[in-house]
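Chemist: With chain A held as given, fit chains B and C onto it using these hints.
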Amino acid sequence: MYTQGLDSLGKDALHVAKADAAALEARFQARVDAEEKIEPKDWMPDAYRHTLIRQISQHAHSEIVGMLPEGNWITRAPSLRRKAVLIAKVQDEGGHGMYLYSAAETLGISRDQMMAQLLSGAAKYSSIFNYPTPTWADVGAIGWLVDGAAIMNQIPICRCSYGPYARAMVRICREESFHQRQGFEIMMTLARGTPEQRRMAQDALNRWWWPSLMMFGPNDAESKHTAQSMRWKIKRFSNDELRQHFVDVTAPQADFLGLKVPDPDLRWDEATQHYTFGPIDWTEFQNVLKGNGPCNRERLDARRRACEEGQWVREAATAYAEKQRQRASQAA
Amino acid sequence: MFEKEWPLFEVFVRPRSGLEHKHVGSVHAVDARMAIEHARDVYTRRQEGVSIWVVKSSEVTASDPSDADALFEPAKDKVYRHPTFYAIPDEVKNL
Amino acid sequence: MNARLQYVLRLADTSLVLGQRLGEWVGHSPALEEDLGLANLSLDLIGQARLLLTYAGEIEGRGRTEDDLAMGRDQSDFLNFALVEQPNGDFGRTIVRQLLVDAFQLELYEALQRSTDSRLAEIAAKALKETRYHFRYSASWVVRLGDGTEESHRRVQSALDELWRFTRELFAEDEVDREMAAAGVAPALADLQSRWSARIDAVLREATLKRPADVPYSWFGKCGEHTEHLGYLLAEMQFLHRAYPGASW
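Protein chains in written order, with numbering that gives the first Met the number 0: chain A, 0 to 331; chain B, 0 to 94; chain C, 0 to 248.
These are calculated hints, taken from the structure and not from any lab test. Some hints could be false.
Cβ-Cβ distance ranges computed for the label pairs, FRET-style [as the list claims (entries may be wrong)]: (1) C:P211 - A:K322: 22 to 28 angstroms; (2) A:P194 - C:A197: 55 to 61 angstroms; (3) B:R45 - A:Q227: 51 to 57 angstroms; (4) A:P194 - B:L18: 52 to 58 angstroms; (5) B:L18 - A:K322: 47 to 53 angstroms; (6) C:S193 - B:S50: 32 to 38 angstroms; (7) B:R13 - C:K128: 16 to 22 angstroms.
Computed cross-link-like contacts, SDA-like style, restricted to lysine to any residue with a CA-CA straight-line distance of at most 25 angstroms [unchecked claim]: (8) A:K40 - B:P6; (9) B:K55 - C:S139; (10) A:K223 - A:R158; (11) C:K209 - C:R153; (12) C:K128 - B:R44; (13) B:K21 - A:R173; (14) A:K40 - B:E19; (15) A:K322 - B:S57; (16) C:K128 - B:T60; (17) A:K40 - B:A61; (18) A:K322 - C:S157; (19) B:K55 - A:S228; (20) C:K128 - C:S157; (21) A:K36 - A:E24; (22) B:K21 - C:Y132; (23) B:K55 - A:W42; (24) B:K55 - A:K223; (25) C:K209 - A:W311; (26) B:K55 - A:G162; (27) C:K125 - C:A180; (28) C:K128 - B:I35; (29) A:K36 - B:A61; (30) B:K21 - A:G107; (31) A:K36 - B:K21; (32) C:K128 - A:R80; (33) C:K128 - A:D41; (34) A:K259 - A:W311; (35) A:K40 - B:R15; (36) C:K125 - B:R15; (37) A:K36 - B:I35; (38) A:K322 - B:E4.
Note that this is a predicted model, so its numbers are computed, not measured. Using N, Cα and C, we set each Cβ at its ideal position, and we do this for glycine too.
Excised from the complex, chain A in its bound form (with noise of 0.2 angstroms):
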């Protein structure tokens, strides 16, 4: 049904006349003005379903990357009941990945296609992933400040205009919220713990604040695509409006643990109700992007040999079924 329909659609978008483009895409952006749901075989705009195509994907790329910083530390989690927990953290990232693979399959692209552009370094995925986690503390972080910035990023996106798209982004965030509890409880409970303990907390914030800010993107001024992903209501929220958010609800939550967020310049502004908070390197930003993040060949290394090492798992699959199929026809 997905990805067959739309081929015909295609053909059929060729043929249309420029005065029919225009009228469709007035329908298109008044029943998106009208807060309807673009469902997958509805006519929309090729730049549309292009600009959903590359976000959904990156987004569902991010998920799967981000399951190894975290799987890292599956066999050496301090207790069992730690272990459980971040396994199932994980395989829930993994489970996140599907849901959003699924829904960018209802645009035409497979997953393969994209696992493809993954893999080749064609397509982006979120810069977080590419930072190391050397202490368990890490893990801490990650679900505190990762985390936390994703949910933010996402509550919104449970309004975008592409079903399929919304309908993943609620079922990602129902699943989201444990994820950055249990980050949370592991920081209080190493900041309440010994000296060594409080101190890898603190080396975690240090190393994981100001790329958790990144994640929210370039500022408003310099990022392209934000005008017309908030006219088609793909984005609600413009990068800076988040990330100002996620500083004000997390500032507060460092205080209570007895961290010191790494920014001098970070204070409550009581003028604005707003915190203030120093610049970000943005060159360290662009490098990441570029490739050249401290794991970025770690991240894509891993990946492509669990496709290449797992290629005669999935050929086996794929020739015991078939000759099923050969069986049970014979047999007819």
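Modeler: Chains B and C in isolation, oriented as in the chain A frame:
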């Protein structure tokens, strides 16, 4: 590396007895049996289901949105199908 | 150590070590769907281990918790079957190991529901539901790989040939087994073996795989005699607990 992709299956889950199966998304699998296993692992980790249906995506026939008017408009003005169309005095119970 | 404690630890440590091995796969499986599938198996096994270790701690009566036992014992005190500490290898090796254990746990938990030890019976009833799914999962995969391509057939046959010698231990009856069977706590191993064997044969037949010949091989992980692999596994699993003694996590 990806020559022969596992086909796509649409997944429907019945959350509890008494409710209908609801479409929740899709999975890739080589056959229906594997699709059920994958659907179970992906879509029912939080006890969200008592029953799963999987259907190969290529087997699903969908109505064409451009036919929406012809298919669905006529039902719009047949409001007598809705219980609220009928004015029943409040004193009459059980209707 | 009393026999009941040893018996419970055997079950607990087997689930724990196998769960730990499966945890290594997350993020590296042949397909996303298998990442979720293997993670699910791992979670179930760790859950079983936690229940069993807690019970073991109570029997022991020294106030040791599930974590004290998992993170604080040295390898000669671990009583898991040597089969489960073997390295994962490729997906085929992992799934063959899984099949051999799943068939065993399926028969074992089914029988333990009738144990005179009500705690074990309770744990077994819960674990049985999970293990039915585990067996379905691993059996399906062994069949797909055994009857898939030439390469997959070759890989799983060789995995089966290599791992078969570790199955002997599962049914090698010792004092603990005899005492527990006599007390009605555990089923007789001979019964377990014939049922296990039938299940395995059925799967191997469908998978076009050859059942290897039995080998007079003896590792007795269940008595604390382990292969070299367990040491490394424990070093990883226990590291934080041992590096920061006394800390809470």
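Chemist: So, against the hints stated earlier in the document, which numbers end up violated here?
Modeler: 3, 5, 16, 19, 20, 24, 33, 34, 35, 37
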